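Student: From these two lone chains plus the hints, build me the complex, please.
For the record, the sequence lines run as chains R and G. For the first sequence, counting from 1, position 12 maps to 12 in my numbering; every step adds exactly one. For the second sequence, counting from 1, position 209 maps to 1209 in my numbering; every step adds exactly one.
The set of hints was computed from the structure by calculation and includes no laboratory data. Do not rely on the hints blindly, as some may be mistaken.
As the list claims (entries may be wrong) - When the alpha-carbon atoms are kept at most 16 Å apart in a straight line, the in silico EDC-like pairs for lysine to aspartate or glutamate are as follows:
1. G:Lys1189 x G:Glu1164
2. G:Lys1077 x R:Asp190
3. R:Lys179 x G:Glu1094
4. G:Lys1111 x R:Asp190
To be verified - Not everything, but these chain G residues come out facing chain R in the computed CB check (under 8 Å):
5. Trp1073
6. Tyr1095
7. Gln1096
8. Gly1109
9. Asn1112
10. Ser1141
11. Gly1157
Stated by the list, open to error - Now the in silico label distances, taken between C-beta atoms and shown as ranges:
12. R:Asn13 x G:Arg1035: 41 to 49 Å
13. R:Gly232 x G:Glu1274: 28 to 36 Å
14. G:Arg1059 x R:Ile69: 30 to 38 Å
Just so it is clear, the structure is predicted and the values come from calculations on it, not from any experiment. For glycine and all other residues, C-beta sits at the position ideal for the given N, C-alpha and C.
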Amino acid sequence: MKSIAFGQYYPSNSIMHRLDPRMKIIMGILYIVTCFLCKNVITFGILALSALLLIIISKIPIKIVLRSIKAIIFIMIFTAILNIFWTKGEDYELLLSWRFINIYSSGLYNAAFIVIRIVSMIIGTGIFLTYTTTPIQLTDGLEQLLSPLKVLKVPVHEFAMMMTIALRFIPTIIEETEKIMAAQKARGADFSNGSLVKRAKALIPVLIPLFISSFRRAGELATAMTCRCYRGGKGRTRLNVLRFSFKDFVALFLVIAFGTGIVLLNIYAPGYTM
Amino acid sequence: MSKLTVENVSFIYSAGTPFEVKALDGVSVNIEANRITGIIGHTGSGKSTLVQMFNGLIRPTEGRILLDGEDIWADAKKISAVRYRVGLVMQYPEYQLFEETVEADIAYGPKNMGLDEAEITQRVIESAKFVGLEEQDLKKSPFDLSGGQKRRAAIAGIMAMRPEVLVLDEPSAGLDPAGKKSIFEGIRKYAEATGAAVIIVSHSMDDMAKYCEDIIVMSHSRVAMTGKRNEIFSRGDELEAIGLGVPQMTYLMRLLAQRGINLPQDIFTVDDAEAAIIELFGGAK
Chain R
1 MKSIAFGQYY PSNSIMHRLD PRMKIIMGIL YIVTCFLCKN VITFGILALS
51 ALLLIIISKI PIKIVLRSIK AIIFIMIFTA ILNIFWTKGE DYELLLSWRF
101 INIYSSGLYN AAFIVIRIVS MIIGTGIFLT YTTTPIQLTD GLEQLLSPLK
151 VLKVPVHEFA MMMTIALRFI PTIIEETEKI MAAQKARGAD FSNGSLVKRA
201 KALIPVLIPL FISSFRRAGE LATAMTCRCY RGGKGRTRLN VLRFSFKDFV
251 ALFLVIAFGT GIVLLNIYAP GYTM
Chain G
1001 MSKLTVENVS FIYSAGTPFE VKALDGVSVN IEANRITGII GHTGSGKSTL
1051 VQMFNGLIRP TEGRILLDGE DIWADAKKIS AVRYRVGLVM QYPEYQLFEE
1101 TVEADIAYGP KNMGLDEAEI TQRVIESAKF VGLEEQDLKK SPFDLSGGQK
1151 RRAAIAGIMA MRPEVLVLDE PSAGLDPAGK KSIFEGIRKY AEATGAAVII
1201 VSHSMDDMAK YCEDIIVMSH SRVAMTGKRN EIFSRGDELE AIGLGVPQMT
1251 YLMRLLAQRG INLPQDIFTV DDAEAAIIEL FGGAK
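In isolation and in its complexed conformation, chain G is listed as follows (with noise of 0.2 Å):
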């Protein structure tokens, strides 16, 4: 049985005016525990509106989201217990931060959840290490932090919770490289450490080919493709078609391979390629 799973969904936006806008049209999708899934899709595809279904902030017009099997919706006022069991980190969330530390802060959701003081400064110390925030980084404010950092601690402000499914969306938009890399890793270190069902919404094909091992792709509110990683990313055409791309390096070996320099096509990361590349070159690495 899948962890989460999306039953047939719609939604509707300012449903019965002349606003009406569909933003999911018939969705299903399976999120497996101990996966990192991806949701790739273009601007206004619907992937940051299913997103929120997932935790039950949007409730859909038509249709069940499963989590273990449940429907989340059975009973609307145990809406909250859902939100703690399926983290959901929206958008630059370092814009949510407020409490005087960062400490506080992470401790938010966990006080939320009524636990006791010392699970809660536990968890703050375990979280913080899965993002990488340093123990003199929890006594400052957020607002002194950089905007890398900032971003860590709002996730690690949702890992805190011990979702079994967590949910991000975009986490490393405007990031610099570094950045961008310690926040993913720190995503695969909780993924590892609890076996979560772990979503990453994002733009980034290279990061979705790095990081993620299945891939749903979202087109005009529905669900153009799912499946593992290399399946999907080795449909360049069709992912073309819809607006999006593969990640570079595939774009490289093809332009190689049209070049008539024979290389494998099932290269999706920098690491592959350099492999291929050397192998091709009789050497070892």
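Chain R with its partners taken away, still in its complex shape (with noise of 0.2 Å):
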């Protein structure tokens, strides 16, 4: 269970987690984005550099980063292979034909266009928010950010507060489900063994009470918090102010100038485009 890749947070004192929370979501976005401008192989080619230069500033570990990519290993290569034999490209090179099967040169390009953009999508959400920033500071951030809603009568404050609780009940829970797996497979419980059905079945057991128990400390921590005096979001003040520095600025430049960039490389770089 500990193996559930989450709250992946990685410390460590690199320009990256200084970088205020608010901006490194809108970099985040602006760079997600980015890795869909890409068309041609020169664009595709500085995007994966791009994403190998933000690991190296982050200080994070590339097998940290190899690991979260392992995850979806399985669709990028079911991705690739249906890319590889479903493009049609009758203007392209006709690498391979084999009764129905036809490679063109295409599909390949194809192929490894998708691959690069999936791998760049997860490495920069992974170094501009989950592995540079913790939680908290992520609902903080999204809160503020959003916080313009408020006009609109969106509760931006109560969801940035269940999304606090939720990331932070999420270690306590799987710890929970270990407890209570424990304690049916001291009653005989079998996992591991048996049909899908009866190994689906068999987290009955464990699924109703991790819920009640759910809901005991939901009741509990909102008994907590109203003795505390909380009452939504309304005149809270905060621990930790958020503010903008020089070096954000800097950096959302950066993330700014690069889009520009593989924008304008797309029109005028030569080559197979996508």
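Tutor: Rendered as structure tokens:
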């Protein structure tokens, strides 16, 4: 259970860790958009390099980043294969033809592009958001970024608080699950053998106690918060006030420049275009 | 031959990572049938880890666990059979209740064992009787019971498997004195009726003194002392050095002795103390 990759925050003191979480959210979104703007060999090459650069800047061990990529390796291979076999490009070189299978050079390009795009997106969101920003910073940043929506009566603070609480309780619930599973195993529950239906049924004695304790915990937490005079976001001040600094704007400028550069290269660079 | 033997067992959590923790370090103990054994130790001394080894929830990194002289891990596929023979009641067992009725919940273990309907019904009634649950409680939802009753229902769920070794991790934690008493009485009844080896983990020296015959003291992932109840609790200074204590009545007797009142020092329970004090005044009960 502990292997579930969550709360992937990796403590370090890189420049990326010290950026304002609001800015990192914006940069993360811009970076993902840029991933979709790439169209040809040169821009995708630059994108791959930029992902590598992000890892280096943020001082996250490459091993840890690879672990998160491993989680989606199946989807990546699947989309790559689909692209190889199903791209029809009569204008392009036919590399292989066997019965109904035709592989064009454009298919190979597309497959490579898609893989680079997915990997860069994963690395981008990881570096800008989950690896370098604690979950609490992240929800704080999100709350403040979305705070203009309060005018439209969107309960931004409440959503952010819900998210913070959810994140906080994930490890607790994992621990609780392990405990209940051990207890039911002691009564002869078998979670690893038998048919799929049987194994799914074996989880009922785990899920019911888990739900019940989650409700209980939620009730207790609500009482505890009320005792400390929590009454929603109105008039609430914060312990750590977020302030943009010069380096935040420099970072934002770099990401925007990167995106613009990609768009320009799409137009001027030659070669296969997706 | 002992019922359950722990032979030089060590256990390391997260072995091979920087977060490595040695939870048990060369632990050897013998547990006898027909006796109630208490395990005491401060938080983090390795008690709970040891207890989860008895029924194979945790596999030792080193050493062996022998049940009736046979290594329980000799065939890892048969470990679930060991779990029926060694019943483990974990901390706060009431959080594991899940069935619609108390009856069905108690029957969960025996059902997993593959017993027939008549046998299961009989065992459910029998184990409910051990822990003092009323017949009408069996039809209720476990979530409508009081805290103490829930705890007793959960313990009955393990007793219904009729284990030869019954292990209870802090069975009385968080209960009021009456609830505590009924739980321990239930455990004692089970022990007397079945001749099982019973192991109780607790922080309460008073409960230990009252219900256990043998005591195992754990400290810093090792066994610090083992012996008969009287032997262990007469070593008060050593227990205090470990960060534990002696039963309240033993303290009282020691304090009285310091003030020059001559009372026997091998007193561990309120009943013993009462008898000794009455005797001091020359009266008979």
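Student: Run the distance test for G:Lys1077 versus R:Asp190: straight-line Cα separation, threshold 16 Å.
Tutor: It holds: about 11 Å lies between the C-alpha atoms, which stays within 16 Å.
Student: Could one say that the CB atoms of G:Arg1059 and R:Ile69 fall in the range 30 to 38 Å?
Tutor: With a Cβ separation near 32 Å, G:Arg1059 and R:Ile69 satisfy 30 to 38 Å, so the hint holds.
Student: Please work out if G:Lys1111 and R:Asp190 have their alpha carbons no farther apart than 16 Å.
Tutor: Roughly 12 Å between the alpha carbons, so the hint for G:Lys1111 and R:Asp190 holds.
Student: Checking hints one by one. Is G:Gly1157 an interface residue toward chain R, by the C-beta closer than 8 Å rule?
Tutor: holds (6 Å)
Student: With chain R as the partner, please determine if G:Gly1109 meets the hint condition of a C-beta pair closer than 8 Å.
Tutor: holds (4 Å)
Student: Range hint 41 to 49 Å: satisfied by the CB atoms of R:Asn13 and G:Arg1035?
Tutor: 58 Å Cβ-Cβ, so the 41 to 49 Å window is violated.
Student: Under 8 Å is the threshold here; is the Cβ of G:Gln1096 close enough to any Cβ of chain R for the hint to stand?
Tutor: At 4 Å from the nearest chain R Cβ, G:Gln1096 passes the 8 Å test, so the hint holds.
Student: Using Cβ atoms only, decide whether G:Tyr1095 comes closer than 8 Å to chain R, and label the hint accordingly.
Tutor: holds (6 Å)
Student: So, G:Ser1141 near chain R? Judge it on the closest CB pair being under 8 Å.
Tutor: violated (11 Å)
Student: A range of 28 to 36 Å was offered for this pair. Does it hold for the Cβ distance of R:Gly232 and G:Glu1274?
Tutor: Between R:Gly232 and G:Glu1274, where Cβ atoms are some 58 Å apart, the hint is violated.
Student: Holds or violated: is the Cβ of G:Asn1112 closer than 8 Å to a Cβ in chain R?
Tutor: At about 3 Å, which falls below the 8 Å cut-off, the nearest Cβ of chain R leaves the hint on G:Asn1112 intact, so it holds.
Student: If you draw a straight line from the CA of R:Lys179 to the CA of G:Glu1094, is it 16 Å or shorter?
Tutor: Roughly 12 Å separates the two Cα atoms, so the pair holds.
Of the numbered hints given earlier, the model fails hints 5, 10, 12, 13; all others are met.
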